[in-house]
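Engineer: Taken in sequence, the protein lines are chains A and B.
When the first sequence is numbered by this note's numbering, its final residue is 220 and no position is left out of the sequence of numbers.
When the second sequence is numbered by this note's numbering, its final residue is 220 and no position is left out of the sequence of numbers.
Heads up, simulated EDC-like pairs for lysine to aspartate or glutamate below, C-alpha to C-alpha not over 20 Å straight-line: (1) B/Lys197 to A/Asp173; (2) B/Lys197 to A/Asp174; (3) A/Lys169 to A/Asp68; (4) A/Lys53 to B/Asp35; (5) A/Lys197 to B/Asp173; (6) A/Lys118 to A/Asp84; (7) A/Lys197 to B/Asp174; (8) B/Lys53 to A/Asp35; (9) A/Lys53 to B/Asp44; (10) B/Lys53 to A/Asp44.
Treat the hints as calculated values from the structure; they're not laboratory data.
Keep in mind it's a predicted model, so treat the numbers as computed, not measured.
2 protein chains.
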Amino acid sequence: MSQEQPRLQIAMLLYPGLTLLDLIGPQTVFSWFADIHLVWKTTDAIASDTGIKVHPTCAFETCPSNLDILFVPGGFGGDKFMIDAEVLGFLADRAATSKYVTSVCSGSLLLGAAGLLKGYKATSHWAVRDTLAGFGATPVDARVVVDRNRITGGGVTAGIDFGLTILAKLRGDDAAKLTQLAMEYDPQPPFNCGSPKSAGPEIIQQAMSAMAAEMARMAS
Amino acid sequence: MSQEQPRLQIAMLLYPGLTLLDLIGPQTVFSWFADIHLVWKTTDAIASDTGIKVHPTCAFETCPSNLDILFVPGGFGGDKFMIDAEVLGFLADRAATSKYVTSVCSGSLLLGAAGLLKGYKATSHWAVRDTLAGFGATPVDARVVVDRNRITGGGVTAGIDFGLTILAKLRGDDAAKLTQLAMEYDPQPPFNCGSPKSAGPEIIQQAMSAMAAEMARMAS
Chain A
1 MSQEQPRLQI
11 AMLLYPGLTL
21 LDLIGPQTVF
31 SWFADIHLVW
41 KTTDAIASDT
51 GIKVHPTCAF
61 ETCPSNLDIL
71 FVPGGFGGDK
81 FMIDAEVLGF
91 LADRAATSKY
101 VTSVCSGSLL
111 LGAAGLLKGY
121 KATSHWAVRD
131 TLAGFGATPV
141 DARVVVDRNR
151 ITGGGVTAGI
161 DFGLTILAKL
171 RGDDAAKLTQ
181 LAMEYDPQPP
191 FNCGSPKSAG
201 PEIIQQAMSA
211 MAAEMARMAS
Chain B
1 MSQEQPRLQI
11 AMLLYPGLTL
21 LDLIGPQTVF
31 SWFADIHLVW
41 KTTDAIASDT
51 GIKVHPTCAF
61 ETCPSNLDIL
71 FVPGGFGGDK
81 FMIDAEVLGF
91 LADRAATSKY
101 VTSVCSGSLL
111 LGAAGLLKGY
121 KATSHWAVRD
131 TLAGFGATPV
141 DARVVVDRNR
151 ITGGGVTAGI
161 DFGLTILAKL
171 RGDDAAKLTQ
181 LAMEYDPQPP
191 FNCGSPKSAG
201 PEIIQQAMSA
211 MAAEMARMAS
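Extracted from the complex, chain A is given alone in its bound form:
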């Protein structure tokens, strides 16, 4: 399947407190077509949001350049790295030679903090999307936003739609379609409440409270 074209070279940023599903959605979509480099400051295992540990495959210094995709997942643990010069420096450096600079969920805030979304349309998790304007980006209410070589996805589960969209761009519609079928991505959400547009004020309030509690838990 991947004989005809070289494997995509993809670096996915890890960090303590990332939302693991932000990472594993696109990682699963790309996996048959890509060498995936999981990268952090060191190669020590990091703990994701719910405690599951993930091992980096390389450190910042040893992460390849000239990537097809540089990817940043979101997560309640991301805030503290928005002022981390080492993380932002790494992102800016690899972005300069990457074909696509991408994120899912609040990962776009890290791209923004690294100066990589200035003048670009972008999206994020609905609860923080508007803060992208503070980085000179134009927030867009959409599940996947493509603006030149910046591709950003909405919250958490948007990573699957995001991944398939990029795979179609880089390896053609058939590659994305066979992947979508293999992953049986024929969603049937039990409720019509996956967006603030459909959820109604009470559920929005409950979700905001739950997320605030989770932020506090991660910070403590």
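Following the hints, complete the assembly by docking chain B onto the known chain A.
Structural biologist: Leaving out everything else, chain B in the frame of chain A:
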């Protein structure tokens, strides 16, 4: 949020070659309401399908009984455990005291092999669903199948629908709704091909070939 009711006790089986997204979809859905026990024969890290390693939090012997949910993910690595007495014995033992006995994707074949789906309706990944009949189950073409206390989901991404369905049963619709919103589960698949019913013969053939290649890679 979880003050009012006790945290759900959930055991999720790990094994080498599991499909990580099968696990992380429902794990993310349950996480705010549950203590999740990741269980394998030993507590040594196991490698999932694409190489990402996961650390068990307990071994078979130390895994709690009287669970709310016993869960088995699918994966190309699962075949070899369908004749593993230690694995099947563990599943049968904990199933006897679990409120719900559940799976996503080909995880239902492990439940079947453990004798836990005899006389039940169940589903699995579309490519292997019919083999459930060999275990005395009635295969059903549906994304989530509930038959008494057996709840089985379809392939890979069905784990998100599956998780929300169970969470609604155990903690009410509002819990599932706020979780669906927090995960921004408002899917917009780029193609209409996530099921064999919509994909057409060519994409089905390509997906089958890709999965066969993956099976061979895992077995080698």
